[in-house]
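Trainee: Sequence:
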Amino acid sequence: QVQLVESGGGSVQAGGSLRLSCAASGSIFWAYVMGWYRQPPGKQRELVAQFTRSGGTKYADSVKGRFTISRDNAKNTLYLQMNSLKPEDTAVYHCNSLGAVTFPWGQGTQVTVSS
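Here the working numbering is used: the sequence shown runs in plain steps of one and ends on residue 117.
Possibly wrong hints are sitting among the right ones.
FRET-style restraints, in silico, Cβ to Cβ [unchecked claim]:
no., residue 1, residue 2, range
1, K88, G28, 15 to 23 Å
2, G44, A16, 14 to 22 Å
3, G67, S13, 18 to 26 Å
4, T104, S64, 32 to 40 Å
5, A25, T59, 17 to 25 Å
6, A62, Q15, 19 to 27 Å
7, S64, S29, 30 to 38 Å
Source of the hints: derived by calculation from the structure; they are not laboratory data.
Cβ coordinates follow ideal geometry from the N, Cα and C atoms, glycine included.
Please take these sequences and the hints and turn them into a complete structure.
Mentor: Written out as structure tokens, the structure is:
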């Protein structure tokens with residue numbers, strides 16, 4: 003079964019940057035549309051960045067222009083570059099596929115942004 007392991011989170015001040023990684027245990031990127039989700043404290047999980055079926059990218063309005071999703075198919079790794087971080091970006095970040103088929107959720111990686 004595919005496992006997803008997120009890393010790269012941490013505590014930063016507002017305006018700082020972090021780069022998250024999501025390592026998949028198998029070659030899944032060619033078959034599944036992948037994205038990054040986040041779950042702020044006490045709130046629902048939301049999709050913040052994704053690839054589209056045509057290979058493009060899409061972002062939530064709240065992160066557009068600040069976050070960039072990318073991937074390394076050879077390393078089975080998904081990335082999320084986060085710049086100009088804001089306190090409202092504080093959340094646990096996960097990667098997973100979109101649509102009807104999702105993989106078991108990993109532990110995620112905590113991002114905490116202080117003002």
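Trainee: If a hint holds in the structure, say so; if it does not, say that too.
Mentor: For each hint, the structure was consulted:
1. K88 x G28: 15 to 23 Å: Because 34 Å falls outside the window, the suggested range is violated.
2. G44 x A16: 14 to 22 Å: For A16 against G44, whose Cβ atoms are near 20 Å apart, the range 14 to 22 Å holds.
3. G67 x S13: 18 to 26 Å: 23 Å, holds
4. T104 x S64: 32 to 40 Å: Check failed, 22 Å falls outside 32 to 40 Å.
5. A25 x T59: 17 to 25 Å: Check passed, 20 Å falls within 17 to 25 Å.
6. A62 x Q15: 19 to 27 Å: With a Cβ separation near 22 Å, A62 and Q15 satisfy 19 to 27 Å, so the hint holds.
7. S64 x S29: 30 to 38 Å: 31 Å, holds
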